[in-house]
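A.B. asks: Sequence order for the protein chains is G, Y, W and F.
Numbers given in my numbering equal positions in the first sequence, counted from 1, plus 11.
Numbers given in my numbering equal positions in the second sequence, counted from 1, plus 11.
Numbers given in my numbering equal positions in the third sequence, counted from 1, plus 11.
Numbers given in my numbering equal positions in the fourth sequence, counted from 1, plus 11.
Careful: at least some of the hints might be erroneous.
The list makes no distinction among identical chains, and a pair is therefore deemed to hold if it is satisfied within one copy or across any two copies.
Here are the computed lysine-lysine pairs in the BS3-like style, where the Cα-Cα straight-line distance is at most 30 Å [stated by the list, open to error]: (1) Lys-360 with Lys-124; (2) Lys-221 with Lys-209; (3) Lys-124 with Lys-221; (4) Lys-360 with Lys-216; (5) Lys-360 with Lys-221; (6) Lys-124 with Lys-209; (7) Lys-360 with Lys-209; (8) Lys-124 with Lys-216.
None of these hints come from the bench; they were simulated from the model.
None of these values were measured; they are calculated from a predicted model.
4 protein chains.
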Amino acid sequence: MANMKASPTDYTEFASIPMRSVGPLKLTGVVNADDIMVPMATYETPLWPSVARGARATAHAGGIQVTVINERMTRSLLLQAPNAAQALEVLRQVQQRQADLQQVVAQTSRFAKLLDINGEIIGNLLYLRLEFSTGDASGHNMVTQATDQLTPWLLQQYPILSYVSISGNYCTDKKVSAVNGILGRGKNIVCETWISDKLCQRFLKTTPAKLVDLHIKKDLLGSIAAGSLRSANAHVANMLLGFYLATGQDAANIVEGSQAINHAEVTPEGELYFSTSLPNLIVGSVGNGKGLDFVQRNLAQLGCTATDVEPGTNARRLAAIAGATALCGELSLLAAQTNPGELMAAHLKFER
Amino acid sequence: MANMKASPTDYTEFASIPMRSVGPLKLTGVVNADDIMVPMATYETPLWPSVARGARATAHAGGIQVTVINERMTRSLLLQAPNAAQALEVLRQVQQRQADLQQVVAQTSRFAKLLDINGEIIGNLLYLRLEFSTGDASGHNMVTQATDQLTPWLLQQYPILSYVSISGNYCTDKKVSAVNGILGRGKNIVCETWISDKLCQRFLKTTPAKLVDLHIKKDLLGSIAAGSLRSANAHVANMLLGFYLATGQDAANIVEGSQAINHAEVTPEGELYFSTSLPNLIVGSVGNGKGLDFVQRNLAQLGCTATDVEPGTNARRLAAIAGATALCGELSLLAAQTNPGELMAAHLKFER
Amino acid sequence: MANMKASPTDYTEFASIPMRSVGPLKLTGVVNADDIMVPMATYETPLWPSVARGARATAHAGGIQVTVINERMTRSLLLQAPNAAQALEVLRQVQQRQADLQQVVAQTSRFAKLLDINGEIIGNLLYLRLEFSTGDASGHNMVTQATDQLTPWLLQQYPILSYVSISGNYCTDKKVSAVNGILGRGKNIVCETWISDKLCQRFLKTTPAKLVDLHIKKDLLGSIAAGSLRSANAHVANMLLGFYLATGQDAANIVEGSQAINHAEVTPEGELYFSTSLPNLIVGSVGNGKGLDFVQRNLAQLGCTATDVEPGTNARRLAAIAGATALCGELSLLAAQTNPGELMAAHLKFER
Amino acid sequence: MANMKASPTDYTEFASIPMRSVGPLKLTGVVNADDIMVPMATYETPLWPSVARGARATAHAGGIQVTVINERMTRSLLLQAPNAAQALEVLRQVQQRQADLQQVVAQTSRFAKLLDINGEIIGNLLYLRLEFSTGDASGHNMVTQATDQLTPWLLQQYPILSYVSISGNYCTDKKVSAVNGILGRGKNIVCETWISDKLCQRFLKTTPAKLVDLHIKKDLLGSIAAGSLRSANAHVANMLLGFYLATGQDAANIVEGSQAINHAEVTPEGELYFSTSLPNLIVGSVGNGKGLDFVQRNLAQLGCTATDVEPGTNARRLAAIAGATALCGELSLLAAQTNPGELMAAHLKFER
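If we strip away everything but chain G, and leave its shape as in the complex, we get (with noise of 0.2 Å):
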């Protein structure tokens, strides 16, 4: 180990980091199946336990219905213009010209299409986010790749521009925003579920109305208080961290991914309502990290590998059973937090 350099040539070796899958969880919506075990990566190992009691009261309800709202990566190139009026011409323009600009990017990649350009003006700078479909990768290196390709062509074309960064931060790439819940990053994605009291006693301990006046009081007026933004849940991050790590993605986008929003009510039947909205859940199931042995045997476990499916499809279902294992460990944890006690309990039982 003295030895290591940072050389790009040099040896590599491994963080073994502890893995199980939980389950098995029930789809539908999106994707349709019963029999889905997750794999998790994590050093926090009283997840997979909390998971696996969200899964099974899930599925003991009827399972968890998943709903693909929007899907898209992007790329925010930044720009200068002599003043804004400029920046204005050359955006309104840009607009117009998407099929051009689609040419350009048809280059680099078959599987990048520009979706939709969106332009945020601050003076005389333009932060020009240029959003595009990316097949099965999650596309950070395809929009990348296509944003260097119409670089040199924009500034061309408008010579009045200057370059100032392929990426001004307005993508957002791993960092918390409001743009890309708003206008979109990843997958948009909605996991449902509607668990009776009976079944919520059982499984998870407690009634409906418990869990949903901790919800209020906890994911939306504490998040509120902490000075939170677009975020209303307790812990999704961590579950989206074990599922990253175990299907080889890239799990710094835990970041915005964790911009999750639950809602929960209490229905005129008197079932619980409990979903996730994880607007901004960047997956793929091709790419970096994609051809590691382990994480093959992940994505194929989860079904993710199918080759006679339109592309899309295997990222499409990998996010929406990311999505719903969110769900399970914030019904479970919730469910925990409502009782004083139960949360340490259950840590000092699993951990060790």
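Once you have looked at the hints, place chains Y, W and F on chain G.
C.D. replies: Below, chains Y, W and F alone, put in the same frame as chain G:
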């Protein structure tokens, strides 16, 4: 794999994340060393040469000076009073009775010391933000256990209160917030370096002026435009993730850790002043995840397993190195983005 | 008009904003009265009957209980040190030398008392958040003057520092922030009321359950979705504006004042519990704007010109009434929005 | 005063706010004029000479160039579906049927034109953000009326939906948000000026370099540290308040208006480039408050009562002047803060 179950007694596999040590880093301030090889585990392998470049540039320039502003771990017990006046009365009394609370806490841990109690009152809800020093542990479990012990005691001392949650999201754990940076959670670390124009050009292929200009338009204005919150950096999450996985940290804490703020300027002497402030960096040298062999080796390599030092010393050293590593990655990526095309070229070169 | 100049000696006209007193409000807690007629100046005249309805409902239900959690006014002096370590050293010393600083402050005002010093260190920048009690004044000028006096003293005591700004936006004045709510600026006020189902239906044409449901989906979830920050209300800004203009306040402070948080629930007894917490409500009964005749009349009408009371008493009373007025408007608007069509019908009826 | 009642038929008094016209302002871009005297009503009278100084400096430097990036007014109808999938189905259909919706809207106003429909789905909740052009009106009531008309139509077309609120806080009105800046509400205005070093020193008693340095450390870093949100300015709220009161605007809209972003730099030629971007500036030249005599005089003085122009022209001119006035105040205050002691001295001189 197919017959894997979620039961806690099951066999555990491992997710093996590629890991390499980069450096050497030169640190001054709270840590004085010039041979620190930093292990980083990541699927995004171009991160290694990028951080290594930042390490080279800063080492040649005299190193990275690290200052620890503050440290603490928190848990926010959520209680409900009949009304705000009674919530306030309890808050005032509890803040006066810190010694009594410490006595209760002392029964759960010899390391947890109650430092301060902040309160937030929303209607009749009392968010009691309990702040502890936790020695070399990051302290999540320590503060949960302490709060768990305090809960029945508080409910008995103040029978007008009712329990809502052991954690009311005003802590706040693994979620974006403003409270963590303002009131403190984890280590508050500032990392600074001064690099001459000549060394900037030699190692970073840019000038102080170009890098500062980009920093302002991307880190500051771009983040503001994106609706970010107490966050102004390029990709701190990447470095923290790699470092956290290699050193057995709960990497879900990169959510708050990534809320880091760069500040850069050209000094009157024409040097680049570059700093990365990480107001809520959560790390520990003991606790969950630290028992694994490679983690122990990495902690030892970093000099964070000393046994003849005050509690907290190893964790502070770890935090200093984490912060300095983040600065190296920031410096290198920002430098690359000042030159169109460089970022993608580096990615294509270093990825396989 | 054409010959009007900007010179300070010029003739001054007046903008005459329609004003009416609404009520009577019934208050308990820090203020005990049931005959408070609240003056409000606004171009949005439907606001008057709306607030009046909230006043009627709460008065019949036993009134609005107001609790003052905290009070202070702040200014954040911005200084630069050679590096973070020296900034920290100064911060620690200054926090220890509060009595010395108070001596300097005492030369500028007999009311300004230094309560606390918070510091934020970003790189080599030191944001010194000086917190004062300011008697019955809102205190903007008092703290500016105090900080102005402290600046040369600090620069002389700590010659390593250089001056950047008398106000580094960490105060923060008339701008949205998280720091004002968390560390305090102005009065931190909680207003609460308990209204039976019967009175809800009689005065507000809705039920506790319907109002709470709307509050959760609009104030809490809607604000979170909108990317709001420590703000969860319907239109607190409206009531504060009307009240501020009528009582000679600097109405630009509605920016931070509007970051108010409603919390509502149906009690076990079936009552509506409704609260509006205003963590940074800035008001004063003396100072700029208070010399105008109609302002004096309004302050007298509100009982905020008492001369035989401790400094600060009048301002606290004023804050309590402002907060209660905000609650009345919140209650009435939310009630109206539970019934489709009611909001617009009311507008059409009362405008003109 | 004592016999005043809240009944809508009662006599109304007036709050008389000191008002003065400052200038002349010189504008280019969307407005071309060099003799604009801007009326401002405020209790903070030092604001007048401060804005006047900014006006002098910019007029001598060639004026303030104003660009209108966008304009619209919004209302977010909140509906509930049985689940997210059905909410999504409705959203997609509604976005396709914009012409049908416009037909319904057309019955309420000849000015309101539906521009776009944004949707946010949280669990089973559908926040339908309806965006309209509203001619010369700020449009609050116009969009409420249009949405009021659309609600029964939507509930009839999509019987699976149930009504929650005419306004789900995703509009968002008079509350801090990220959505208004990103998706637009009111006018999105950029104001820019270029001032030579000589004129800076002559009129602003500072240099371009000093002002830019302060801007970075206060507007940008200070706001970030304060936990601000899409806001980076010194006191935009002050100028907007004064302008809004003088021109009959609903001044509660300064809450979102104050989320303005300054961007300044020293140009290669050594000039000061200074800009204030106001992404959600809400103003109208017709509607509530505009019937008062002094308001009509002020609107006429500003050239915003033209009758031979396209609808929207007067309101855009008004917005341009409001933004330019804000820039003048920003420039002057920032300049003052570069010199220790100047701010307080100016206050003491101009206040009475």
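A.B. asks: For Lys-360 and Lys-221, with the copy left unspecified, which applies at a CA distance of at most 30 Å: within, between, both, or neither?
C.D. replies: Within one copy, since 24 Å is at most 30 Å while 42 Å is not.
A.B. asks: Cα distance capped at 30 Å. Does Lys-360 pair with Lys-124 within a copy, between copies, both, or neither?
C.D. replies: This pair counts as between: shortest inter-copy Cα distance 24 Å, intra-copy 50 Å.
A.B. asks: If the cut is 30 Å between Cα atoms, do Lys-360 and Lys-209 qualify within a copy, between copies, both or neither?
C.D. replies: The answer is within: 26 Å in one copy meets 30 Å, while 49 Å across copies does not.
A.B. asks: Classify it for me, Lys-221 with Lys-209: is the Cα-Cα distance of at most 30 Å met within a copy, between copies, both or neither?
C.D. replies: For Lys-221 and Lys-209, both the intra-copy (13 Å) and inter-copy (26 Å) Cα distances are at most 30 Å.
A.B. asks: Can you tell me if Lys-124 and Lys-209 fall within 30 Å by alpha carbon in one copy, between copies, both or neither?
C.D. replies: neither (48 Å within a copy, 42 Å between copies)
A.B. asks: Classify it for me, Lys-360 with Lys-216: is the Cα-Cα distance of at most 30 Å met within a copy, between copies, both or neither?
C.D. replies: The answer is within: 17 Å in one copy meets 30 Å, while 52 Å across copies does not.
A.B. asks: If the cutoff is 30 Å on CA atoms, where do Lys-124 and Lys-221 land: within, between, both or neither? Let me know, please.
C.D. replies: Cα proximity of Lys-124 and Lys-221: none, with 46 Å in one copy and 32 Å across.
A.B. asks: For the identical chains here, do Lys-124 and Lys-216 meet the 30 Å Cα criterion within one copy, between copies, both, or neither?
C.D. replies: neither (48 Å within a copy, 33 Å between copies)
Hint compliance for this structure: hints 3, 6 and 8 are not met, and every other hint is.
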